[in-house]
Amino acid sequence: MTKADRVTAVLLLVFALGFTGTALKYYPYWSETGPGQGFLPVWLGGGMAGLALLLLFRRGRNEAIEWPRGEGLRHMLVLLAATVVFVSFLKTLGMVISTAAYLAFVVWYLGRHRWWVTLGVAAGAALLNWLVFVHWLRVPFPEMGVWIF
Amino acid sequence: MDFLANLQLGFSVAFTPFNILMAVAGVMVGILIGALPGVGPPSGVAMLLPLTFGMDPTSGIIMLAAMYAGTMYGGTITAVLINTPGESASVVTCLDGYAMAQQGRAGPALGIAAIGSFIAGTVGVVLLMLVSPALAKWSLSFGPPETFALMLVGLTTVTMLAGDDPLKAYVSMLFGLTLAMVGFDIISGEPRYGFGIPEMMDGVDFLPVAIGLFGLGEVFAGTEEKQQVIKGSVRLREVLPGLADWSRSKWAIARGTAMGFAVGVLPGAGPTVASFLAYTLEKRVSKTPEQFGKGAIEGVAAPESANNAAATAAMVPMLTLGIPGSATTAIMLGGLMMWGLRPGPMLFEKNPQFVWGLIASQYIANVLLLILSTVFIPLFVRAVRIPYSILMPLIVVFCVTGAYSLKNSPWDVGQMLVFGVLGYLMKKLGYSPAALVLALVLGPLAERALRQSLIISDAGIGILFMRPISAVLMAIAIVAVAVPIVRKLRGNRGQSPIS
Numbered sequence: 000m001t002k003a004d005r006v007t008a009v010l011l012l013v014f015a016l017g018f019t020g021t022a023l024k025y026y027p028y029w030s031e032t033g034p035g036q037g038f039l040p041v042w043l044g045g046g047m048a049g050l051a052l053l054l055l056f057r058r059g060r061n062e063a064i065e066w067p068r069g070e071g072l073r074h075m076l077v078l079l080a081a082t083v084v085f086v087s088f089l090k091t092l093g094m095v096i097s098t099a100a101y102l103a104f105v106v107w108y109l110g111r112h113r114w115w116v117t118l119g120v121a122a123g124a125a126l127l128n129w130l131v132f133v134h135w136l137r138v139p140f141p142e143m144g145v146w147i148f
Numbered sequence: 000m001d002f003l004a005n006l007q008l009g010f011s012v013a014f015t016p017f018n019i020l021m022a023v024a025g026v027m028v029g030i031l032i033g034a035l036p037g038v039g040p041p042s043g044v045a046m047l048l049p050l051t052f053g054m055d056p057t058s059g060i061i062m063l064a065a066m067y068a069g070t071m072y073g074g075t076i077t078a079v080l081i082n083t084p085g086e087s088a089s090v091v092t093c094l095d096g097y098a099m100a101q102q103g104r105a106g107p108a109l110g111i112a113a114i115g116s117f118i119a120g121t122v123g124v125v126l127l128m129l130v131s132p133a134l135a136k137w138s139l140s141f142g143p144p145e146t147f148a149l150m151l152v153g154l155t156t157v158t159m160l161a162g163d164d165p166l167k168a169y170v171s172m173l174f175g176l177t178l179a180m181v182g183f184d185i186i187s188g189e190p191r192y193g194f195g196i197p198e199m200m201d202g203v204d205f206l207p208v209a210i211g212l213f214g215l216g217e218v219f220a221g222t223e224e225k226q227q228v229i230k231g232s233v234r235l236r237e238v239l240p241g242l243a244d245w246s247r248s249k250w251a252i253a254r255g256t257a258m259g260f261a262v263g264v265l266p267g268a269g270p271t272v273a274s275f276l277a278y279t280l281e282k283r284v285s286k287t288p289e290q291f292g293k294g295a296i297e298g299v300a301a302p303e304s305a306n307n308a309a310a311t312a313a314m315v316p317m318l319t320l321g322i323p324g325s326a327t328t329a330i331m332l333g334g335l336m337m338w339g340l341r342p343g344p345m346l347f348e349k350n351p352q353f354v355w356g357l358i359a360s361q362y363i364a365n366v367l368l369l370i371l372s373t374v375f376i377p378l379f380v381r382a383v384r385i386p387y388s389i390l391m392p393l394i395v396v397f398c399v400t401g402a403y404s405l406k407n408s409p410w411d412v413g414q415m416l417v418f419g420v421l422g423y424l425m426k427k428l429g430y431s432p433a434a435l436v437l438a439l440v441l442g443p444l445a446e447r448a449l450r451q452s453l454i455i456s457d458a459g460i461g462i463l464f465m466r467p468i469s470a471v472l473m474a475i476a477i478v479a480v481a482v483p484i485v486r487k488l489r490g491n492r493g494q495s496p497i498s
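Protein chains in written order, with numbering that gives the first Met the number 0: chain A, 0 to 148; chain B, 0 to 498.
Next comes chain B alone, as it looks inside the complex:
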């Protein structure tokens, strides 16, 4: 009964004209952002976050979550039409999506991606609704050692999967943690690394860092590349897939949804990993694997379903445990903290209207996504033709305004600019901005939990291994650190261990 009452509460929150408007705006902006190569979901969420400051937090998170769902579909448009994924979760869609487009079947490819995204997103929300309260209840028993071990799991697993080079990903994570140390000490209240600069005493805000790394950094990277322009158009009646297409895709959608949710719920795995795994699984179970890469519609349906299910699933650890499942949810987590909410198990107890409003709005966002992505597809295709010479400066202005609006301070704008340059360099040198932002968000929470653990402990750091839940979590964190090292050592057998 509790469950139904909560859902009813959620729909009463989500079904207000303003929140529906926010969901529509989120989906539309998300599709557009997802369709722009180089501007991924974390950039979009970071840039839009300042717009939510004047809003009620529930409306804000509804807009951001709807946008996240929209970006997952938006990336498909350019992946199918010009073989350029709008964001990383659509990389694998290029293989068969573009091949279909070359055969004159771009419409059905985009159509099945929209339908798959809708089904996966909706099933994902049902599972989110079923899993989250139980997980939140379980984690209510967590003390400081379990909380610290959990943060460590979040940091290590996300970092493990953050880039091609684990060493650089860990350096990025540690750099983020060092930035999190700046400002007033969370236990003694004494200033730390402020160097007498008043603005530094408040610490390094995550928003200018996130906007700089993801928004401005991507713009700098984008200006040096020649961008492809979409030619041709897609008409509405071409978007609907035929019965044969549906028949070939239905089980691919089902498998992609299951795989996407299972992978997405793990901290760090996220939509990109889910889409690759779903594609691999689909090819493996297919009776005609030789058609994959040559325009098999299952090769579009499975990864597109998986990335939407994973995007929804990534909210499970964020809402229940306070650890994000992806870079985008790391930024959303920072947003929750800025709104004064404490993500984690108590969120369900203290802010049910927020959590259930968000869950209910996800149903609405998925319906909107299906309608908008099919009805307005010709419009979106036209919109992403805006020249980059116009788009890039507009994004810069949006980044500057967003950073300024945090505290109406030019200091934040300067910080954003510095991190924009740093973001560009990190991208070039193979470091991970996602790991940095995650560490900056989780750093203060992890430090508080660690120091509290040590204060109550008689056994020093041993307390983390003496309680069953924290011991298991610590073991997972150690495995997450060890796996890339072992893999590296095996790969380089015969060479120096650090080569």
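Okay, chain A solo, but in the shape it has when bound:
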């Protein structure tokens, strides 16, 4: 058992107990007609708590998990952070502008491509995305004031 496995098992146990506790407190287990809305959640939560305990106390497996390091870790964290910012600004900047800005930054950061490749990919993909989803599939994208197209 690795440390990560133990931490996961504890988190799962807490989740399972919370899930079961909520079911027992708020939802009827049995009603006049039969099983109530808390019936299955109680069993699922109980089962999950049992499996979490098995995970926590089992022995034998000790395969090291290869967590990213150095450049790999940096790339992943930057991509994650940029994606969170991208998603957060979807409503404010609109889909097209935020997509282009996100792509320009991430493509530049991950690949250090030439500026015209980076801008070409960013603008081209944002335009294609708009064409497919808004123009063809009629999905109303979030937009910033006035459409630029």
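Think of the hints as simulated: they come from the structure by calculation, not from any bench. The reader is advised that the hints may include incorrect statements.
Unchecked claim - Heads up, simulated DSSO-like pairs for lysine-lysine below, C-alpha to C-alpha not over 30 Å straight-line: (1) LYS427(B) to LYS2(A); (2) LYS282(B) to LYS90(A); (3) LYS2(A) to LYS426(B).
Claimed, not checked - Here are some, though not all, of the chain B residues that point toward chain A, as calculated from beta-carbon distances under 10 Å: (4) GLY53; (5) VAL125; (6) LEU166; (7) VAL170; (8) LEU176; (9) GLU224; (10) ARG283; (11) GLY401; (12) GLY419; (13) LEU453.
Claimed, not checked - Every beta carbon over 12 Å from chain A, so not counted as near; a handful from chain B, in silico: (14) PHE2; (15) LEU129; (16) GLU198; (17) MET345; (18) VAL482.
Backbone N, C-alpha and C define an ideal beta-carbon position, used for all residues, glycine too.
Starting from the known structure of chain A, fit chain B onto it as the hints suggest.
Quick look at chain B alone, frame taken from chain A:
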């Protein structure tokens, strides 16, 4: 006569210019997605699903099914050229495919894989066509206990085969089921686990979860790895295998097809298991087993045929019983539900144009796969050279847009992002995203069937063991749970039972 009339109906649906275009697009995108290491068929289907929302469901499923067939072949390209399987069903192809490439025979390896995939896919569709209506008719007699037992079989068998660690696979499955409990109760209509958040009242949609777990999660995992780049090229005339190659491969293709279909039709087994079993069988029956792993063309033909036959066969339980045979068909099943269709026996009765259109389109997709995979192979080889620094952010944008387009809601995008991080962690820690998604899709159906069974029962849970079909299915489910435990206990004899 019914059969021929249905097939005729299917071809009349599939042979429209738009549906053929969708099949072409599906095969081409599928080959490309299959060829990208780390982006497997479930990721591709999850990411493409939002594109089908504006379409007629038949056109949508035609595109997704064609894509699924394409991914099975696409994974072969990188397996042969750089010893890196594009998806798990091509892992075993690396053994002899890459060895052939090192001997300067990458062309025949890719060619025989294309021909094998075509033959296996076509035979698979014929068998799908013959088996499915009978199975659907039989399952029409199912009541709630049989339906619940069937769901349980689907959940347990898929979970049993979902990962290296059965305990973690079952935890993933239970986690998926707990997510399925969120939202309005299917029987009383009362809210459950909504915590007053309006978006939570609708429940956890499977699409943002699937896109996050498979699409975004794979991208996060991909950024930390150094990717190999394909060097060199494959010319069209090199792709066609010679007579000697064909002579060595023909029975391998036949055996791979039979093995692939038999394995693929079982819930949970899927193309990866089929390809490994076909390779093992081929090596066992070969007169020259010592050549396997050193560039034996049969070692490419058999698993490649098996994985395509299995991909087609996986649709049998999905269409007839409403239980998916693989992670990809689990996502397709979710797609069917989103289009308002109820997978299972009634699908054949109520939506014949959908089912038979899909079946007929599979013939067309296989022909397209053969043509596109041979004629455009140099193009595909060039296309998969796109740097990952460009490809990965593009996939993220596609995931975000796909999740947003479900209900035009940033909530779904946020959900997808959370499940993207969770998908990455699950992959790292050895949990099974496939089992989670399957449970999320089947959870509401299983709960409804279980509660209905208990409502009509005088014997409580005993009703599941008192009716013959549900008793047999329950026994299968129990065996599926017990097998990994017994195997584990035998493997660890002398140690603690839970070690």
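These are the hints, each one checked on the structure:
For the given pair, LYS427(B) sits about 13 Å from LYS2(A) by alpha-carbon distance, which is consistent with the 30 Å threshold. Simply put, LYS282(B) and LYS90(A) have alpha-carbon atoms about 57 Å apart, too far for the 30 Å limit, and the pair is violated. A C-alpha spacing of about 16 Å is found between LYS2(A) and LYS426(B), which places the hinted pair at or below 30 Å, so the restraint holds. A least Cβ separation of about 4 Å between GLY53(B) and chain A falls short of the 10 Å threshold, and the interface hint therefore holds.
Checking VAL125(B) against chain A by beta carbon gives a least distance of about 35 Å; that is not within 10 Å, so the hint is violated. Given the 10 Å rule on beta carbons, the hint for LEU166(B) holds: about 6 Å separates it from the nearest Cβ of chain A. A hinted interface residue such as VAL170(B) counts as satisfied when its beta carbon comes closer than 10 Å to some beta carbon of chain A; here the least separation is about 5 Å, so the hint holds. Because the closest C-beta pair between LEU176(B) and chain A is about 5 Å apart, less than 10 Å, the hint holds.
Because the smallest distance between the Cβ of GLU224(B) and any Cβ of chain A comes to about 7 Å, under 10 Å, the interface hint for this residue holds. The interface hint given for ARG283(B) is broken, as the beta carbon of that residue sits about 30 Å from the closest beta carbon of chain A, more than 10 Å. With a least beta-carbon distance of about 9 Å to chain A, the hint placing GLY401(B) at the interface is held under the 10 Å criterion. Among the interface hints, the one on GLY419(B) holds; its C-beta lies about 8 Å from the nearest C-beta in chain A, closer than the 10 Å criterion.
Hint status for LEU453(B) relative to chain A: holds, with the closest Cβ pair at about 5 Å, below 10 Å. For PHE2(B), the condition that its CB be more than 12 Å from all CB atoms of chain A holds, with the nearest at approximately 36 Å. Under the 12 Å C-beta cut-off, the non-interface status given to LEU129(B) relative to chain A holds; the minimum distance is some 36 Å. With a cut of 12 Å on Cβ distances, GLU198(B) stays outside the contact zone with chain A, its closest approach being about 15 Å.
With a cut of 12 Å on Cβ distances, MET345(B) stays outside the contact zone with chain A, its closest approach being about 24 Å. For VAL482(B), the shortest C-beta to C-beta distance to chain A comes to about 17 Å, beyond the 12 Å cut-off, and the non-interface label holds.
Comparing the model with each earlier hint shows violations of hints 2, 5, 10; every other hint is respected.
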